[in-house]
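2 protein chains.
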Amino acid sequence: MSDSNSLDGLVEALRRLPGVGVKSASRMAYHLLQHDRDGAKLLSRALEQATSTVRHCERCNTFTEAPVCGLCLDARRDATKLCVVETPADQAALERTGAFRGYYFVLMGKLSPLDGIGPRELGVSRLFERALDGQVSEVILATNFTAEGEATAHVIGEALRQRGLTVTRLARGVPAGSELEYVDLGTIAHALVDRR
Amino acid sequence: MSDSNSLDGLVEALRRLPGVGVKSASRMAYHLLQHDRDGAKLLSRALEQATSTVRHCERCNTFTEAPVCGLCLDARRDATKLCVVETPADQAALERTGAFRGYYFVLMGKLSPLDGIGPRELGVSRLFERALDGQVSEVILATNFTAEGEATAHVIGEALRQRGLTVTRLARGVPAGSELEYVDLGTIAHALVDRR
Chain A
1371 MSDSNSLDGL VEALRRLPGV GVKSASRMAY HLLQHDRDGA KLLSRALEQA
1421 TSTVRHCERC NTFTEAPVCG LCLDARRDAT KLCVVETPAD QAALERTGAF
1471 RGYYFVLMGK LSPLDGIGPR ELGVSRLFER ALDGQVSEVI LATNFTAEGE
1521 ATAHVIGEAL RQRGLTVTRL ARGVPAGSEL EYVDLGTIAH ALVDRR
Chain B
1371 MSDSNSLDGL VEALRRLPGV GVKSASRMAY HLLQHDRDGA KLLSRALEQA
1421 TSTVRHCERC NTFTEAPVCG LCLDARRDAT KLCVVETPAD QAALERTGAF
1471 RGYYFVLMGK LSPLDGIGPR ELGVSRLFER ALDGQVSEVI LATNFTAEGE
1521 ATAHVIGEAL RQRGLTVTRL ARGVPAGSEL EYVDLGTIAH ALVDRR
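Going down the list, the sequences are from chains A and B.
Taking my numbering, the leading residue of the first sequence gets 1371, the next gets one more, and so forth.
Taking my numbering, the leading residue of the second sequence gets 1371, the next gets one more, and so forth.
Extracted from the complex, chain A is given alone in its bound form (with noise of 0.2 Å):
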């Protein structure tokens, strides 16, 4: 393509990234190395740096550098609940709430059968083993409400249920600060059923 194989690497690495297309690419590679070379050197050091460095929380699974991240080691928080998300981003979203003050077992991911990411690659096995830890007595299903959440969250609640815990689902209803005439059927439906 161009005259420089480094920036043909380059491009072809930047298609790497989620979302990133050949023209994305390209235009990412021409502004590092155009305007920002100090801001490329950045990015190859941040990520020889977490690729070396970032791995799992043994016991919630999220990333971190240490072996149980800051979260799992507060001893402050509820021991006995339990809230089961799909990323660190959703994790995060509900520590930003403030009204969730237990612990979380990080999925990092979904069930995805077209993907082939049924429960065993999904590692439910160590959700299992955390949450049947003896203290934990209510696991908060928290996935995303898509089809695959969904799923994932049923059949992990199945299993949780048979084995004797206590399992919750976020409520589903009207947004807040939502008019309903311009809520989805969907939702006002799962709200009037769930009404409380």
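Any given hint could be a false lead.
Identical copies look the same in the list; a pair holds intra-copy or inter-copy alike.
As the list claims (entries may be wrong) - With a straight-line cut-off of 27 Å between C-alpha atoms, the simulated DSSO-like cross-links for lysine-lysine are:
| hint | residue 1 | residue 2 |
| --- | --- | --- |
| 1 | K1451 | K1480 |
| 2 | K1411 | K1393 |
| 3 | K1480 | K1411 |
| 4 | K1393 | K1480 |
Hint data in this document are derived by calculation from the structure and do not stem from the laboratory.
We have chain A already, so just place chain B on it with the hints.
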């Protein structure tokens, strides 16, 4: 944000990429660390390699690893014609047409007074040096047909005409394969004025 400084650093570094905000950067970082650590290492090495080896061609200013790029070294091309483009991507688009057999000069940008990019910042003097090598007789301005691209073409064109060179601009007109009904009025007006 997260439990890992390396992860936060990676998200920050990814935000240096053009068009990438904090949500995309997080998604990219999670994807690389969870699903594609090989890709992350590859990208790290590609960035390192490109920043240390890629420089500008001494003749046409495009990205290359040699002092002079392969296209400038190709003696079979027409040395009387010099085509001025904004970016290597624009050059590649022209090359793909196979309709131009002269040499190029790549500005690596465009005049943009609002961003503080004047003729000096753009390195226009190097273009003048190249164009006045005694062999070039026609300079084809192939900057983009945006406001900034047009202004760049105007400024460069005037200066080169004063120095006695023939200066031409890519034709404006109706794109191949389009129906007049759906072409914007400015384009049709230009096509009428430039009819042949």
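### Up to 27 Å CA-CA - K1411 versus K1480, copy category
between (34 Å within a copy, 25 Å between copies)
### Task
Pop the pair K1451 and K1480 into one bin, within, between, both or neither, using alpha-carbon distances up to 27 Å.
within (21 Å within a copy, 58 Å between copies)
### Query
Between copies, within a copy, both or neither: which fits K1393 and K1480 at Cα up to 27 Å?
Intra 30 Å, inter 19 Å, cutoff 27 Å: inter-copy only.
### Query
Given a CA cutoff of 27 Å, do K1411 and K1393 count as a within-copy pair, a between-copy pair, both, or neither?
This pair counts as both: shortest intra-copy Cα distance 22 Å, inter-copy 22 Å.
Every hint, counting from the list given before, is met by this structure.
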